[in-house]
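As a plain string of letters, each chain reads:
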Amino acid sequence: MTEIMSEIKRDHMLKLIADGKRLDGRGVEDVRKIQVITDVIESADGSARVKLGKTEVIAGVKIIPGTPFPDTPNIGVLTTGAELIPMAHPTFESGPPGEDAIELARVVDRGIRESGMVDVEALCITPGEEVWMCFVDIYALDYDGNLFDAANLAAVCALKSATIPGEQYGKGENKPLPITCTPISVTECKVGNTLIVDPNFDEEQISSARLTVTTDDNGNFRAMQKGGCGSITLDELSLCLDRAVEKGAEIRKIIG
Amino acid sequence: MEKRNARQTRELVVPGDILDGTGMRPGENAYVLDGKVRASVMGVRNVFQNTVGVIPLRGGYMPTSGDTVFGVIVDIGPSNWLVDIGAPYPAPLHVSEVPWKVEFGDTSKYLTIGNVVLIKVLSVDESKKISVTMKDSGLRKIEGGRLVKISHTKVSRVIGKSGSMISMLKNMTDCRITVGQNGMIWVDGEDENADVAVEAIEMIEEQAQSGNLTDRIKEFIEKKIPQDEEDEYDDEGDE
Amino acid sequence: MSGHTDMVLVDENGLRIDGRTAEQHRPFKVEAGVLNNADGSAYVEIGKNKVLAAVYGPRECHPRHLQNPTKAIVQCKYNMQSFSVSDRKRPGPDRRSIEISKIISEALEKVVLTELYPRASIDVYIEILQANAGTRCAGLTAASVALADAGIPMRDIVPALAAGKADGHVLLDLNKEEDNYGQADVPIAIIPSTDEIVLLQMDGNMTREEFDHGIEMAVAGCHELYELQKDALKRRYSKRAEEESE
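Residue numbers (my numbering), protein chains in the order written: chain A, 1 to 256; chain B, 1 to 239; chain C, 1 to 246.
For the record, the hints were derived by calculation from the structure and aren't laboratory data. From a predicted model like this one, the values you see are computed outputs, not experimental measurements. For every residue, glycine included, the Cβ atom is placed at its ideal position computed from N, Cα and C. Please note that a few of the clues may not be correct.
Stated by the list, open to error - If you want a taste of the chain A side facing chain B, the calculated C-beta under 7 Å gives, among others:
#, residue
1, 6
2, 7
3, 8
4, 9
5, 12
6, 16
All chains, please: the whole structure from these sequences, using the hints.
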């Protein structure tokens, strides 16, 4: 299902954005208000509920002993999943994750994995036999654009506050999940010829391309994903990369 | 000078709440159980003649015959268009109900997906099939301007008693403003003035329940758009 | 129901492992209007259960072949999030979730005035964020509030609570351990204005007296929960109900 936007609204927004203004009063580089609550779900080993403007996402971490991959016998396993559940938006349908949910999960996963955020080498229980497996599950609860950044924040905050449940499985004491850094993604959308950071739902609807860039604490790039049917120029790419570092640092400070 | 009435606190009722047990008849959004009238929606208890019912606080727009509404074309068939008017059902606009002579299959030449139209609800039958028309004075395809969406329950506040609020908005902002019964409102005027008008309408929706609303809206607009003392009171009727 | 434990679920003073007596329910919490996009929404906690419900509708019925020409259908989807239980649940509907979705849809169809919206669908989504026995009751409780929040016409708001049996005692509102290792579980939902039952399941082993006692406690508990459901809506919207006539 798609929602049809009225031509009047579309034209008005395009005009505003071409002038560097947005309907909600933000500047083209402004990120919406971020609210994070961690430890919201006791049954999870780590959890976070994140609001990015009106977009709301919940992520939970479950850490379970399991068998390592044969080619990495002493390394823990990290798996990320996401669901765009129908309560989040009138156009979301029930059913198994579609390509949007899968792309979302894989992009969030990439940022976490490539940055080495979770010290997977420290998750070995018995070499070659048993390791800790980290399952991160993300659910969109209310969708007003930019699930990429909201989901990344939720997953990262859930992992940062997670505890390895050694006692539950008789595998030693409980201890915090070993974390090495905080990967932050910054997503922009191209509307006409203007790039706007942290698009809301309406802005996404009128955009032609989307770029998500994930950086680590040192401002190095760990993951990128271009989406949408439009194209971006090299100059536009350069602007996005600069903003990803700058805004990434600001967001990292906010979540602490 | 506005006459200020005493503030009435009307209690919120929810489904199942007893509205009356003294023999009154059920009004809108109410039903009878064991001789008592009960609410079927969340809203404000309302007495009308010898009936007691509920004025809903929430809930989508349900069209009634005679409503003038704005809609968006969401689908096109060879002899009709489907219009989203914010109701649970889309409204089919048939080629026989538009002012143009449309050949079979030529529908997209006149109205395309995303176009905004001002139409009137002709009737709603028992199975809730809605029929609409664009063949009446003032009804047309709408171009330019802005569309504001508010809850249909607040439309009467935007219009005001005898159109007082809407006239004030139009005069002070020098904009054309048309209010659809479905909560969709069209504003057309100079950019900055239109911005103020839109903000004022959103304020009315947000603060619909507060006292002295007309004065506060007037103050708000005055701050943003200096009013010319000699402006004549333009008594344009409401569309 | 099938577990075995040496744990004492009800001690010699009649106290349960969480300190409650047989007739006490766990703490309740109900909030209305918690999401932006949904037409109606609610958040409920019963003990450690944390449940979110959202409603969209009435709206066009999808899939179209399920449309009813004389009334709206209520389609409820109950889902447990993977991290809501101590042993991670694989995402996706399982047979249990499908059954629960069905019985909740049926319970709600009885109260919603569906004849007002022929051919439409009222879609109800229940997400269990954290589970601790009694999620279907918490889910239905939240769904009812979400429906009222959406302004959908209904006869009454529906509360749901479970009774059960553990260590030979009939108990109100089983917690996780009592549900896992106990002897019976009876979730029930009622229409408070008439005490009609719209949801009822039972599994385990109970005598007629035990069952009757359990139902009595559960119905009383439902009435208490009902007050909180109404209060949640009133707290959320009372300000808006005040009007000044001009």
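The hints, checked one at a time:
1. 6: 5 Å, holds
2. 7: At about 4 Å, which falls below the 7 Å cut-off, the nearest Cβ of chain B leaves the hint on residue 7 (chain A) intact, so it holds.
3. 8: 5 Å, holds
4. 9: 6 Å, holds
5. 12: 6 Å, holds
6. 16: 10 Å, violated
Hint check: a violation occurs at hint 6 only; the rest are consistent with the structure.
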